[in-house]
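Enquirer: Given the coordinates of chain A, work out where chain B should sit on it, guided by the hints.
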Amino acid sequence: MADLAIEVKDLIKFYEKRGQPPVRAVQGVSFSVRKGEIFGLLGPNGAGKTTTLKILTTLLLPTSGFVRVMGFDVATQSLEVRKNICVVVQDNAIELYLSVRNNFRTFGRFHGLTLKEVEQRMGRISELFGLKEHLNAKGVDLSGGLKRRVQVAKMFLIDKPIVFLDEATTGMDTFNKRSTIAAIKEEATKGRTIVLTTHLLDEAEELCDSLVIINHGRVIASGSTDQVKAMGLKMMYVWLDFEKLGKKTVQSIKKWKPVKLEIKGASVELTVKDEKAALAVVIAARKTGMLRNFEIMNATLEDVFVEIVDKKQEAA
Amino acid sequence: MQAVFAIVYREYLIRLTSPLWLFFDLVVPLMYLLMFGVGLDRAIGLGIALEGRAVSYNEFFLAGVLSMSCFGSAINQSYGFFVDRDNGIFYEFLTYPMTRGQFLVGKILFQCLMSIVQAALTLSCAVWVLEIQLMWEFLLPLIAGVVIGIAAWFFFLAIFAFRIRRNDTFNTVINVAYFVLMFVSSMFYPLDSVPSWLRTLAMGNPLTWHTDVLRYFTIGLGDPQVIFWEIAGFGLFLIMSFWVAVKSLQKAV
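Heads up: the protein sequence lines correspond to chains A and B, in order. All residue numbers for the first sequence refer to the numbering used here, where the first residue is -14 and numbers rise by one. All residue numbers for the second sequence refer to the numbering used here, where the first residue is 47 and numbers rise by one.
Worth flagging that the hints you see were computed from the coordinates, not collected in a lab. Any given hint could turn out to be false.
Partial list, computed: chain A residues near chain B (C-beta under 8 Å) [to be verified]: (1) 42; (2) 44; (3) 67; (4) 70; (5) 74; (6) 78; (7) 79; (8) 95; (9) 97; (10) 246.
C-beta atoms are modelled at their ideal positions from N, C-alpha and C, and glycine is treated no differently.
Next comes chain A alone, as it looks inside the complex:
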């Protein structure tokens, strides 16, 4: 148990409003996160992942269940939990009337850094996140993407064992997204535990060592990223490139009931249930005499995610 950063067992959270039936946001979720791991909490909108994150970060109390962060109970030892975490909340959180420099200073002071220490660390952080030229700009004058960058950069100013990132790269441009992902990876190698929620599955696939997929407040898949992908191991991704793409060809492809189908000009990207279906699709495409090129590979986490969520919804 000593190597666990987070333990969640049978977590339940109901939101109660007078005169209305309780909303069951989280219904018996269990998972654990090892120290030094990058952990992903995935799920469609309204799945319960932000509620779970709010409980883990002591913003909300659980209705029932057992939640420990760095060995401390979130319900009874919330201050100890907060001493061990830093959090990027889902909304932009920045002091609008303070400069970026003073945003770093106040954040550092809250987490026990002296102003000297903040100044020393600010140089590296502002370089890493491309904020050097904005240090004297006030929060109110920054674009949405820059505000988010400041918010995320603050977390790397301090050395808390666990970093929670709720949709951290939302609103960032590609360059900053890459920098943030690189920074997250670097911090994890230093032994920090990173917990992230994201709807960008390619990001989760690139970053996460393990993950949990939540839907309707319940865990529908969990394990290492590879294990979760293996749940849809038979699923194949097929890319077909035609000289000319006719309606007939598209209809013949649709016969194989692809999980996902995307047409871009004369190219078709699709995910099918298994290898047999993938081969059949390619054979059908060749028969048109218009196929220039094709590729078959394992499905992405996104395809698996869509398949798992859909299946569970159908079952429900």
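Expert: Just chain B, lined up with the frame of chain A:
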């Protein structure tokens, strides 16, 4: 304590960004005293007869100005929660390494320090411009009364700031509360001369207790036994408000 001082540091940096705000924060009570107080003082002329002594309206109103500025500062500071919510920083604060109580104390501590400067300016003006005879031996309890007053009203108003999600609703509630609490109290007029129903209501108003205590410490007006109970009542009001504010903050997400 580190977290409390971090909030004071943050409030200080924010206040520095607007010198005009800082200026008005300090001089608004002075303006009340010099404009409203002096005007009524001239209108009343001979002053008010209280407890066998004639008291000028300026003398009487000085404590009202101090308690009014405590209440006003507390309103401004509690409204800050809405600004923090709009900036998104409010929820981030709640994940910082501090208790909910420390968060509340930190939020008001800077304003308490400001209120000491504010009170010093107001008292200086009262003594040197309006020639009010202050009870200097009560200066320290008077300053304590100002600080405790602003804290108590802040905790009380914070309860509404946490429970009411819309700032327009909060503004309406506070405007009504401000109006009722101020005029059903001893802030502007002695309660001896008001109808008995109004006096009864005013006697149960914490703003009356606070103003009476400050009046006792500024010009020595009031029955010490009554003042003792008013101090006790206001202390209880402070503790209860703090406790309910902490509980409300725990449910504010």
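Enquirer: Interface hint check: residue 74 of chain A, Cβ to nearest Cβ on chain B, cutoff 8 Å. Holds or violated?
Expert: This hint holds: residue 74 of chain A lies near chain B, its Cβ roughly 5 Å from the closest one there, short of 8 Å.
Enquirer: Go through the hint on residue 67 of chain A and say holds or violated, using the shortest Cβ distance to chain B against 8 Å.
Expert: 5 Å, holds
Enquirer: Any CB of chain B closer than 8 Å to the CB of residue 246 of chain A?
Expert: Residue 246 of chain A check fails; min Cβ-Cβ to chain B is 38 Å, beyond 8 Å.
Enquirer: Does the nearest C-beta of chain B fall within a distance shorter than 8 Å of the C-beta of residue 44 of chain A?
Expert: 5 Å, holds
Enquirer: Taking 8 Å as the limit, does the beta-carbon of residue 97 of chain A come near enough to a beta-carbon in chain B?
Expert: Holds, because the Cβ-Cβ distance from residue 97 of chain A to chain B comes to roughly 6 Å (cut-off 8 Å).
Enquirer: Does the interface hint hold: is residue 70 of chain A within less than 8 Å of chain B, judged Cβ to Cβ?
Expert: This interface hint holds because 7 Å falls under the 8 Å limit.
Enquirer: Have a go at the residue 78 of chain A hint: is there a Cβ in chain B nearer than 8 Å to its own Cβ?
Expert: Check passed: Cβ of residue 78 of chain A comes within 4 Å of chain B, closer than 8 Å.
Enquirer: With 8 Å as the cut and Cβ atoms as the points, is residue 95 of chain A at the interface with chain B?
Expert: 4 Å, holds
Enquirer: Next item in the hint list is residue 79 of chain A. Is there a CB on chain B closer than 8 Å to its CB?
Expert: Because about 6 Å separates residue 79 of chain A from the closest Cβ in chain B, which is inside the 8 Å limit, the hint holds.
Enquirer: Holds or violated: is there a CB of chain B closer than 8 Å to the CB of residue 42 of chain A?
Expert: 5 Å, holds
Going down the numbered hints, you'll see the structure goes against just number 10.
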